[in-house]
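Number of protein chains: 4
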Amino acid sequence: MNKLRWNNDYNQGAHPAIIKALEKTNNESYCGYGLDEWCKKGADEIKKHLGGRDADVHFMIGGTQVNFTVITSALRSYQSVICADSGHINVHETGAVENTGHKIEALPGTDGKIQAAQIKEAAESFRVSDVKEHITEPKMVYISFPTEYGTIYSLSELNEIRSVCDEYGLYLFIDGARLGYGLGSPECDVTMEDIARVSDVFYIGGTKCGALFGEAVVILNDALKIGFRSYIKQNGAMLAKGWLLGIQFYTLFSEGIYFDCMKAASTEALRIKAAFEERGIKSYIESYTNQQFVILTEKQMEQIGEKHIYEYEMKLGDGIHCVRFCTSFATKHEDVDALIEDIAKL
Amino acid sequence: MNKLRWNNDYNQGAHPAIIKALEKTNNESYCGYGLDEWCKKGADEIKKHLGGRDADVHFMIGGTQVNFTVITSALRSYQSVICADSGHINVHETGAVENTGHKIEALPGTDGKIQAAQIKEAAESFRVSDVKEHITEPKMVYISFPTEYGTIYSLSELNEIRSVCDEYGLYLFIDGARLGYGLGSPECDVTMEDIARVSDVFYIGGTKCGALFGEAVVILNDALKIGFRSYIKQNGAMLAKGWLLGIQFYTLFSEGIYFDCMKAASTEALRIKAAFEERGIKSYIESYTNQQFVILTEKQMEQIGEKHIYEYEMKLGDGIHCVRFCTSFATKHEDVDALIEDIAKL
Amino acid sequence: MNKLRWNNDYNQGAHPAIIKALEKTNNESYCGYGLDEWCKKGADEIKKHLGGRDADVHFMIGGTQVNFTVITSALRSYQSVICADSGHINVHETGAVENTGHKIEALPGTDGKIQAAQIKEAAESFRVSDVKEHITEPKMVYISFPTEYGTIYSLSELNEIRSVCDEYGLYLFIDGARLGYGLGSPECDVTMEDIARVSDVFYIGGTKCGALFGEAVVILNDALKIGFRSYIKQNGAMLAKGWLLGIQFYTLFSEGIYFDCMKAASTEALRIKAAFEERGIKSYIESYTNQQFVILTEKQMEQIGEKHIYEYEMKLGDGIHCVRFCTSFATKHEDVDALIEDIAKL
Amino acid sequence: MNKLRWNNDYNQGAHPAIIKALEKTNNESYCGYGLDEWCKKGADEIKKHLGGRDADVHFMIGGTQVNFTVITSALRSYQSVICADSGHINVHETGAVENTGHKIEALPGTDGKIQAAQIKEAAESFRVSDVKEHITEPKMVYISFPTEYGTIYSLSELNEIRSVCDEYGLYLFIDGARLGYGLGSPECDVTMEDIARVSDVFYIGGTKCGALFGEAVVILNDALKIGFRSYIKQNGAMLAKGWLLGIQFYTLFSEGIYFDCMKAASTEALRIKAAFEERGIKSYIESYTNQQFVILTEKQMEQIGEKHIYEYEMKLGDGIHCVRFCTSFATKHEDVDALIEDIAKL
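Chains as they are written, first to last, in the numbering used here: chain A, 28 to 373; chain V, 28 to 373; chain P, 28 to 373; chain G, 28 to 373.
I should point out that these hints are in silico values taken from the structure, not numbers from a laboratory.
Among the hints, erroneous ones may be present.
No copy labels: a pair is met if it fits in one copy or bridges any two.
[To be verified] In silico lysine-lysine, DSSO-like type, Cα no more than 27 angstroms apart, as pairs: (1) 47 to 359; (2) 30 to 68; (3) 68 to 334; (4) 290 to 67; (5) 359 to 51; (6) 51 to 334; (7) 74 to 252; (8) 30 to 67; (9) 51 to 30; (10) 47 to 68.
Please model the complete structure; the sequences and the hints are all you need to start from.
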């Protein structure tokens, strides 16, 4: 019997509607490099959710690629990007941002989040410096929604961050690799329109949210739109058969899959969370999205590992560890039932 | 009626066997980042064609990405790469190689090719320089097989280039974005084993050769293997769902599609070439692979353009232009019949 | 007896007035990093020669450093710089510009110069391209005044280049490593005011023109002034004891040394040129500044080399070579007499 | 009356012997780019202090330039450098290291120092990681001797750090911008031979230690010697009139000035430290070199500021601040007397 995989949210292909769409269009021929009609249609669907803000939508292939391309396109070489110390760009992208020449100013996060006051302090510290040429200028704020720990910013937190960005002339870049899971969480009071309103640029994750691969970058701030296709190409991020990306996002958005499917996944994750709680097993961090970080003993890890694959995170103490269970767009209700049953036996 | 597209070789999806394979595995779950069993199987199939040389095979997403990642991983910052002035890295990658910090030393090509003697001259010029610290050191040779003009190096040309590389300690990197079309040309006396024997690193194009997307990088030289997965990740070129690449290359190679299909396409291209010749229309460059560059008058362009899409290349003189017609893995014999019929009427 | 050195123009210390000024101020204490009163005074002296244009003047240490710092500060990563194939940035700076991420678009020079029509062609080629994202955008023109071959642009040539730059939105950057020798040539119809009028940024060479070291960067275009001190610091080009640069330029400009001394050197160079001509020895390039490139036989090279050091340039044919003789701010009239005497004996 | 400057250690020219040497050689002519006899002589003097280790000595212009050039020459793009959070490269070089593409892994320092155990933990964390391609590989340790806070590592601390570096294959790079002040401290049990023994590369500061400008880079590890002159040139750090650097270091080392003069400065600094202590004013950090960080009230700051210039560091609490007083090679005993007198009156 195969074990069930809960270790991450990118271990299966795509939503069946996407496979069907790819199959259906496979013999059609298209214009290359994202200038085809599917990319246009995909972008148009996305634009319906931006509250009317004028945006450029670009389809790229993966998250790391989006992150460093957006950041390097926006900043001068002496400008830095502020993020939580647990931010993906700071810890899991092999120094990709630094490789483009920019310093990351990592602030201590709480549950994976940073707050407006912290950002203000960093920006103010630069503003009052009398050796500005000797230090990097914080010019962009990078946050993940949801965060790498599955937590989400509230609308008021986002609004406060936006205010600080306005006050100090900072760009706000929201990494939405798991955006759908955040928007679909019952604890979320933020909409995609809000995301578009508060950010200068954000991206809508596809890879972890129902697509085979692909991320949709949404640029709201005109200053950041300049030459972006050149940055995409130069960084090897322009898919020759761009329509493959357009079709996927069109499928996810035109049929509402993106919202429904990820909402279902977050809901399933909360069933898992509840099952752990019922069993008296604590969360490492209180997440209300598709990623659940729980604290297990080694015995529990061994027992649940017999039928289930989780991701090991870190040691917390003697015989006590943090592990991750993820649901995804592809998670089946009955598989969650099976997991819950096994959790109850721990 | 839709026009037939001959403008490039990446305007349709994938070989049907690939779509079928993706569909079949869509509900399976896999380990991420190219560490899955499909990538292993795909690599194993490729290794059968390397004449027994010990190689690392990595799957990446697109050609530009491969080119700059390979080059930057191989060179110190003061080292440069030699290529033909028409080389893809020199003219169609938005300065991606320079963006990684390296100078391209472009030599005047003949029919898209450079010769061993030219490379020797450039390398010798550095060797005898007494201001070595003031100039860049040529350390790698980049050639395309087939070239951007569809031409192919003969085995003896490749052997001579290899000799110069050995003499001067240069790496030889072969861009095989269209490798299958070259190997499948009736004029080709080179095998994939030869490619593997003469090069330090090369890549097998998938995007233009039957895959939805993807390129297989084959590293032969041990010095170039160090840390390559880190370079892939850092440059945003590591696909989260890496098995999508493995499956595609496994499908193309395990069933012989890669060789048969591209050979058929080159054969179809030669029928088009013959049709133009019969009609008295000259080639801009004599190509025996899937890309045909022909010289048309404006009237001919207009006439053929009624039913066919070609790629405009450049003006050659008063009312005389160079245009490109490509076949691909997806080209149908009957479509070529139709094109030939229309060529005859020019 | 020591041989006389004519091989370059940076083989002696500084004008005696500079040594005296450094000695006199050695026990004074100053504010660091170029924010002292001498840098202000040096800049003020330079500003007297800019025809009233509003400029930022920064003192840096050497030419390569100036070149790549100016270029990288001005360009986005997908933008390139146009220059003559013999341009210093293209051939003698170890790929420093590429190391900052930018492609150099080298155009074939004539006597070290490029013309407005060539620049227009390159810029137009980008303007009409329909694959702009796949190629680099030429955004800056780099010329040297005088050129690396000692030749100088006429005022009308500069005006024409400026026109093209205006038409295509290109920045004009003038490398004035040897500016004084150019302005001081009897063949020159250009003034420093002209240089300031036609360029967006230029620099006044000190290292080769009477200073121990140092170059004064003059930024005229407001867009290029942004954050320049940060770029200087980040690139390791900000001298801690910045007043050392300010004092040197103040000394050179406040006492007219910069103009008088370099004019004298160019005048002496023309005596050498005349001596070679009288002896029937041809110039490789007709230069009217301090660098003279002449064509010698091997026997002549040996004979003149007994008492004089020249710089070997390249082989021109069987037993025929191009060599360089330079004068400098430090050249003595009687040493030129001695050289001329020996030339006559060839 | 001019105030006395104590704010930094680079506010005056050079040791008089250097000015004299520059004056004396000003009319001599030399070979360029550091290939002259003075650079050889300067390097030879330095080599006498390396305990017989085989070293390459290169003269560069300033500290930031040395730091990023050494680091980028030593590391692959996915490798990072470990340092104290207060390390100069992390806080006062405008992101120069990141600009070359490398992440800095800043560890929390104690009194400006990091300990072997911290380095071991960071290196071990990478060693045991199972996602090595997703994170940067720590490959170099950067420490300053003395630190930016004037503190010094003991010999046993250095030996322990070296052991960890050996265990994990890390390079040790010692920033000796103020090396002389450290070696000359009465609390120091480390010699220059020790520095050369434990490090793979270090530099001997000149700018802050008696020279007009200049730093001597000493490369001990053969792997780091490769192509270093090319890195120097490419980064704009190769002085055309290189002998100016050679003369300065020859003068400082051949006459023992480097050791005597900096020792005197550290001794004077301890007199200042004692004066503050006597007056009941605490140090922010206990430094036994030329930089003294003391805690003053605003009233004290104002009073001492009437006749003396210090550097403001940071606010520590209500009305309580940290300020810096530095001595240097140029500090006069009687000026210290005057300062001490004024401290007593606080």
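Against the structure, the hints:
1. 47 to 359: For residue 47 and residue 359, the Cα distance is within 27 angstroms both inside one copy (20 angstroms) and across copies (23 angstroms).
2. 30 to 68: Only across copies: residue 30 and residue 68 sit 22 angstroms apart there, 39 angstroms inside one copy, limit 27 angstroms.
3. 68 to 334: between (42 angstroms within a copy, 26 angstroms between copies)
4. 290 to 67: within (26 angstroms within a copy, 35 angstroms between copies)
5. 359 to 51: Answer is both: 26 angstroms inside a copy and 18 angstroms across each meet the 27 angstroms cutoff.
6. 51 to 334: Cα proximity of residue 51 and residue 334: across copies only (24 angstroms, versus 37 angstroms in one copy).
7. 74 to 252: within (15 angstroms within a copy, 37 angstroms between copies)
8. 30 to 67: For residue 30 and residue 67, only the inter-copy Cα distance (21 angstroms) is at most 27 angstroms; the intra-copy one is 41 angstroms.
9. 51 to 30: Close across copies (19 angstroms), not inside one copy (33 angstroms); limit 27 angstroms.
10. 47 to 68: both (17 angstroms within a copy, 26 angstroms between copies)
In this structure, every one of the numbered hints holds.
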